[in-house]
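Novice: Please arrange chain B on chain A, whose structure you already have, making use of the hints.
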Amino acid sequence: MKSVVIVFPASNCDRDVAVALQKVTGGQPVMVWHGDAQLPECDLIVLPGGFSYGDYLRTGAMAAHSPIMREVKTHAERGVPVLGICNGFQVLTESGLLPGALMTNANLKFVCRSVSLRVENTDTLYTHKYPVGASVVIPVAHHGGNYFADEDALDRLEGEGQVVFRYEDNPNGSARDIAGIINSNGRVMGLMPHPERVIEPELGGTDGIPLFQGIMERLA
Amino acid sequence: MTAALYNNEISPSTVSEHGLSDDEYALIVERLGRIPNLTELGIFSVMWSEHCSYKSSRRWLKHLPTDGPQVICGPGENAGIVDIGDGQAIVFKMESHNHPSFIEPYQGAATGVGGIMRDVFTMGARPIANMNALRFGEPEHEKTRHLLSGVVAGIGGYGNCMGVPTVGGEVNFHPRYNGNILVNAMTVGLVETDKIFYSAAKGAGNPVVYVGSKTGRDGIHGATMASAEFDDDSDEKRPTVQVGDPFTEKLLLEACLELMQEDAIIAIQDMGAAGLTSSSVEMASKGGVGFRLDLDRVPCREEAMTPYEMMLSESQERMLMVLQPGKEELAEKIFRKWELDFAVVGETIPGSNLTLVHRGSEVADLPIDFLTDDAPNYNRPWTSNEPVKDDIAFDSAKCPDPGKCLIQLVGSPDLASRRWIWEQYDYSVMADTVSGPGGDAAVVRIHGTSKAIAITTDVTPRYCEADPFEGGKQAVAEAWRNLTAVGATPLAITDCLNFGNPERPEIMGQFVEAIKGMAEACAALNFPVVSGNVSLYNETNGQAILPTPAVGGVGLLKNYTKRASIGFKTEGDVVLLLGSTTGHLGASLFAREVLGREDGPPPPVDLAAERRTGDLVREMIEEGLLSSVHDVSDGGVLVAITEMALAGEIGADLSSPDGDPYRYLFGEDQGRYVCAVSPQNLDRMVSMAQSASVQTAQLGHVTGTAIALDGAVLAPIGDLRNQHESWLPDYMGTAE
Numbered sequence: 001m002k003s004v005v006i007v008f009p010a011s012n013c014d015r016d017v018a019v020a021l022q023k024v025t026g027g028q029p030v031m032v033w034h035g036d037a038q039l040p041e042c043d044l045i046v047l048p049g050g051f052s053y054g055d056y057l058r059t060g061a062m063a064a065h066s067p068i069m070r071e072v073k074t075h076a077e078r079g080v081p082v083l084g085i086c087n088g089f090q091v092l093t094e095s096g097l098l099p100g101a102l103m104t105n106a107n108l109k110f111v112c113r114s115v116s117l118r119v120e121n122t123d124t125l126y127t128h129k130y131p132v133g134a135s136v137v138i139p140v141a142h143h144g145g146n147y148f149a150d151e152d153a154l155d156r157l158e159g160e161g162q163v164v165f166r167y168e169d170n171p172n173g174s175a176r177d178i179a180g181i182i183n184s185n186g187r188v189m190g191l192m193p194h195p196e197r198v199i200e201p202e203l204g205g206t207d208g209i210p211l212f213q214g215i216m217e218r219l220a
Numbered sequence: 001m002t003a004a005l006y007n008n009e010i011s012p013s014t015v016s017e018h019g020l021s022d023d024e025y026a027l028i029v030e031r032l033g034r035i036p037n038l039t040e041l042g043i044f045s046v047m048w049s050e051h052c053s054y055k056s057s058r059r060w061l062k063h064l065p066t067d068g069p070q071v072i073c074g075p076g077e078n079a080g081i082v083d084i085g086d087g088q089a090i091v092f093k094m095e096s097h098n099h100p101s102f103i104e105p106y107q108g109a110a111t112g113v114g115g116i117m118r119d120v121f122t123m124g125a126r127p128i129a130n131m132n133a134l135r136f137g138e139p140e141h142e143k144t145r146h147l148l149s150g151v152v153a154g155i156g157g158y159g160n161c162m163g164v165p166t167v168g169g170e171v172n173f174h175p176r177y178n179g180n181i182l183v184n185a186m187t188v189g190l191v192e193t194d195k196i197f198y199s200a201a202k203g204a205g206n207p208v209v210y211v212g213s214k215t216g217r218d219g220i221h222g223a224t225m226a227s228a229e230f231d232d233d234s235d236e237k238r239p240t241v242q243v244g245d246p247f248t249e250k251l252l253l254e255a256c257l258e259l260m261q262e263d264a265i266i267a268i269q270d271m272g273a274a275g276l277t278s279s280s281v282e283m284a285s286k287g288g289v290g291f292r293l294d295l296d297r298v299p300c301r302e303e304a305m306t307p308y309e310m311m312l313s314e315s316q317e318r319m320l321m322v323l324q325p326g327k328e329e330l331a332e333k334i335f336r337k338w339e340l341d342f343a344v345v346g347e348t349i350p351g352s353n354l355t356l357v358h359r360g361s362e363v364a365d366l367p368i369d370f371l372t373d374d375a376p377n378y379n380r381p382w383t384s385n386e387p388v389k390d391d392i393a394f395d396s397a398k399c400p401d402p403g404k405c406l407i408q409l410v411g412s413p414d415l416a417s418r419r420w421i422w423e424q425y426d427y428s429v430m431a432d433t434v435s436g437p438g439g440d441a442a443v444v445r446i447h448g449t450s451k452a453i454a455i456t457t458d459v460t461p462r463y464c465e466a467d468p469f470e471g472g473k474q475a476v477a478e479a480w481r482n483l484t485a486v487g488a489t490p491l492a493i494t495d496c497l498n499f500g501n502p503e504r505p506e507i508m509g510q511f512v513e514a515i516k517g518m519a520e521a522c523a524a525l526n527f528p529v530v531s532g533n534v535s536l537y538n539e540t541n542g543q544a545i546l547p548t549p550a551v552g553g554v555g556l557l558k559n560y561t562k563r564a565s566i567g568f569k570t571e572g573d574v575v576l577l578l579g580s581t582t583g584h585l586g587a588s589l590f591a592r593e594v595l596g597r598e599d600g601p602p603p604p605v606d607l608a609a610e611r612r613t614g615d616l617v618r619e620m621i622e623e624g625l626l627s628s629v630h631d632v633s634d635g636g637v638l639v640a641i642t643e644m645a646l647a648g649e650i651g652a653d654l655s656s657p658d659g660d661p662y663r664y665l666f667g668e669d670q671g672r673y674v675c676a677v678s679p680q681n682l683d684r685m686v687s688m689a690q691s692a693s694v695q696t697a698q699l700g701h702v703t704g705t706a707i708a709l710d711g712a713v714l715a716p717i718g719d720l721r722n723q724h725e726s727w728l729p730d731y732m733g734t735a736e
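Residue numbers (the numbering used here), protein chains in the order written: chain A, 1 to 220; chain B, 1 to 736.
Next up, chain B with everything else stripped away, as it sits in the complex:
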């Protein structure tokens, strides 16, 4: 017997407008044994969207290591949690807000920051730092200035008002992001290990409570929008973007943390993507209970909102909680003090259904497992990418001299100073930022202790494009390296996996291989993934972004006074390179900026050597032998040294290498650190390196006011600073 698939309310076009395939819809009708009503169809459309269901990615995410003695909570909760000792833990996650930020950059970025902060304080943690990883189109593209300006203002507007320092991040420009920018926001919070809150509801008859802002008609279908490609009409999707109110979120933060001091909350979940729908479904699913919501009690901003609109609204600054019975009055008093809405909107019920009641009648009744665990889970076809094996060849006789190349590189869009951006972020509020933007990793003190957390975000999309497996490995390794370079012990990562349309086998192949590469690096470096998200369909008119698996890493410094930073500190120090150099230039910034080509394989990461070298650097910092360290990344050794010189306001005189100077100076071989070493510690450090089987090379000395090669000036520090500092303000100076 086949039931009818459609009726007056639900037609084939209604189904396709909700982003559901014919097969998915048929499955819904079959399992329900009836045609869903519009509200129910809306709930399926968001819960089964790529954004909420991870239907293309779920099976692959299982490859990532998620365990370790430091892990208190891995993926699947609002955020990941790692132990930092003394009854304290770090709660952190990175999340994408790509699609909305392209449509409406200020609000898209602002609500991305608001959403990720909620994920962290939902678990009982006070946010102590924000980071962000941003990708924009080429500078010449007509939208880039407007998008950059709006995104930065939005991130600042939200984070600054919340009083949480934004301590760093990364920015790239590339034409492949012309039609799809990436806004990945990360929040790190601090929690006491005995005051962690989770989202699993428990018991029957417990009150379900709605707190925060009222529900409006904004953001309806945001999750569905974020699960589709863009076309030329994507501007028309502006109404799907939510509007942020950081003032309310600040009140919500304080109110939640105040209530969390009491023994009142059974479960709590923020209303993010897919709002009331996903928060209630996830809480019920995790706890194995049913939910009954009385929608007439939902605080609404607008008149006559329908059940469909209430369930799909993505209005911001809202939370759902299951309270212990009898604690409603206590909780309400706290939320009223903070001038927030508070409403008991339902209760947990026996069984496993989500039941919605509106104006006395039942308007939806859906099995929760069908919305979550039994949602579609696809094994999408994928094709392996065949990376080029041989490094690029080029005629060095035709290259400009190294000094000119250096000047060009430090003023290039991907390497120029980001000061114009980070000065719009309050990076010193909370008065615990001991190393702010501009270093390898930001360092934020754990208030009132000698401990600190190091934080970084990393990925090199051009490497991932050339070879997703090596690129995935490199993203994890670079995060590990950046934490190590400040002296921190890397703890764990969060990831934001940004890719194109997974229904295209070559894109799915990028995704699969990047995950495999990341997994290998995570395992080799004891650096598990504890949270993250996946953002697919970053594609416009069939043109996908560069594969961008952004990694957010955190590490622990037991004593923040024993940390390293990038600036040269003392004239006469020896510039020492730790790690092996072959002069790899494939997929390098030198190749792109100077040679004008983007081909070739990325530099491979030798994970065993990475581990040896990093452990050695950390040991040297802990022993107080080393305080100026910089990892070698974009632009190679010469750029690394220049950044150290700019930060320390002292130059360096280097010895010219044997062999091709361009490969040596600009090669991007991985697993390397440039150090400035006091001459009296040099022998000791070289012998430590030998015992650890780490190669060393003495590159020269810290001295003077220029970067020099064999005593001949390549470029004065002043010129380099000018180039480095002026590109972004000059570029943005012509903004509207």
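If we strip away everything but chain A, and leave its shape as in the complex, we get:
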């Protein structure tokens, strides 16, 4: 499996997710600078966490207009899976690859915490290794994870099984406790929690492993 991790200015979980991909899938991801105009041949594109462009203007808003994002969109339209974690999720909503928006947390504060999540859809490329109805513990660390979409859009997401992860104890005010969603063709997923931080017991858990294993099984 060939994966690519996009590095924006002030991405800061790019190394972490590359380490997780390497550890779980065995393959070394290619790091691609946001200013590059071309993506290498790849099976998976990851938009990592961080503070691209310092969160200036709006989280993810400026990164969504980076040169490389044109390529990411083209690839996504061709069906190449795209995974956005935390800031990567914000970039995906800002660039229109996923519906809705991520607003500032309801209490206006950054929150770093291990949270319990329900895996609402275990029939996706990313989550098929989790047991049906699984509850997993994965940390969040964000200032803008408060998911918003209008009621119709939310109903549509729910109806189509596009809500993939839901908070069991909502840390940020997200509509319908949404922590992660997938697009209608099941290829583009964004989530606020950081699965790459829970791939070893010594780091507080291993609930991130099935996600990366699942991707590898489907794409290898």
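Read the hints as simulated data drawn from the structure, not as lab findings. Incorrect hints may appear among the rest.
[Stated by the list, open to error] Listed next, the stretches of chain A that the computed footprint assigns to chain B, with coverage defined by at least 3 CB atoms under 8 Å from CB atoms of chain B:
1) 41-55
2) 70-80
3) 139-149
From the three backbone atoms N, C-alpha and C, an ideal C-beta is built for every residue, glycine too.
Specialist: Just chain B, lined up with the frame of chain A:
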């Protein structure tokens, strides 16, 4: 012949506005043989400020031990460096940002964090962890909420964006900080020993290069502001506070580390306090060379900035480098890729002067040694503090029962959970935090290895107030103890010496005695000081802070899987206390919170016993005999046990002691550890302790869902957790 002292440009009031005394100014005129111009006067004002010159503290700092086989670089550089084997080293330093944080808490704290991270990556290290030591006024004070809220947001705002985990720290509240809060930020970085960069410039004709952000008019006179007392008008000093941009700093970090992979840099120094002035002067001074800067080439954010403003600006996220000739193009390409400013602003020159040129004419020409080594160095008068000798007496019959005291203590401002704070910090980014906030020391793995670094910050200001010498000793000993309690071998410390106005002999006395106490502990524990800073004039309208020599300690774990943490783990374990108990309550939290008094001497630290006990604990952890350990500090044994119970979600049943239960349960005798020990290891451990001449006491067992004494419940864990967790959110919940 006496030269004129003043002219049209420089009057006596200009001099005093620059924080220079008449004597200092006279010295300048005498040595220069002329009246300085305004730009030059500005340069003297920052370089001779307390903050940059250490003029009151320099002679005393020499008392601190700074050597050891582990030390690669001691004080005097941007940060200290200790060896951790395998060609790797740890670069670390703690620095104060007190004055700016009081004036503008968010930006003051944020730029404090930004500044200390720059000090570390300037030396070639990637920052791997941040810590902080914070002191605020009493909770009831009108400014405390606002300051706490702003400082925490500022620390998080900067560190989180940088992607460096903030893994712990400490917070105290006391009315003596009402007018002067303390924000001490610490950064720990990792470097390869063959890729360390220093600040000493070399050679003549080498390019001096400016990188990072543009220079603006912010922070002018920040160093001078930080070297004076506050009064009722200190809000007016807001323009002297710098504005932080963590996004640019993240780019600067990556760009510097990228360039450091090449053989291009001769010397590098961040522009912190006193900006372009102190960075160029220090680089030139350390290298014994002159500097010529062409100020027209300095990237400026604003139009028509004067030489004075450029030299005194404390705009953030800037670095100065001396490059090898011919490497400018290579370096520029890297900085342009990261969208940062890059400008050759001058060159190293023969001689030993700092020469500034602006619009074709020379606007300053100053001897560098006069700005640094020959700057004023005062032997300020100091008076010895006469500490009380006898422990406090009190009527235990009038005390609430121990369970009530415990509930009160765990929910008191100095002991309540700091979760509300540390959840605003990203403590798990970089995916190497194996023990985050809430333990005795944070443990951060060295990426890709089995090694880890333990980090702690400590000082007990109320002890230092009661007896600065014992308080100084205790700060160092407690840092050593906290590192030991996770199983780490303590390596070295950084310090942040926060005191009041050194021109008052009693304050200078606190400073001198605290240093002597620290020095004694450092020597006894092989725990040298490798970096630090001094923050004086923490005083408002004549009211000084508690003396607060904050200590940041680092230790090494060779194998992070063999570490201990505070939580109880197994029902039935024996609760064993290592170390001697006399029941000392002077200057304790129990005395303050329950008895409402702050008098009495602090508990003395027996450094020989400290060493014996700590070495034993470490040996037990390394042998795998011990995995639940907590040092005994604020609140004594019962609070320590409660914290272990809260972390492990199991209670304990304790045997009631002989003698006064309050002294026994809440006394703050030093050099002690509470351990939870598997019954089958107990005999072995007791005999190890006997051989090491360490006292042991079996306090009870790990069991149930409450803290109990002789089977009678003192307090259920649920109630204790409620008290412990709710104080800070409840307090901050009413924030604006």
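Novice: Run every hint past the structure and note whether it holds.
Specialist: Cross-check of the supplied hints:
1. Residues of the segment 41-55 of chain A lying with their CB closer than 8 Å to a CB of chain B number 6, which satisfies the three-residue condition for coverage.
2. Proximity of the segment 70-80 of chain A to chain B, defined as three or more residues with a beta carbon under 8 Å from a beta carbon of that chain, is not established by the 0 residues found.
3. By the rule of at least three residues with a Cβ nearer than 8 Å to a Cβ of chain B, the coverage given for the segment 139-149 of chain A holds, with 3 such residues.
When each numbered hint is compared with the structure, a violation occurs for hint 2 only.
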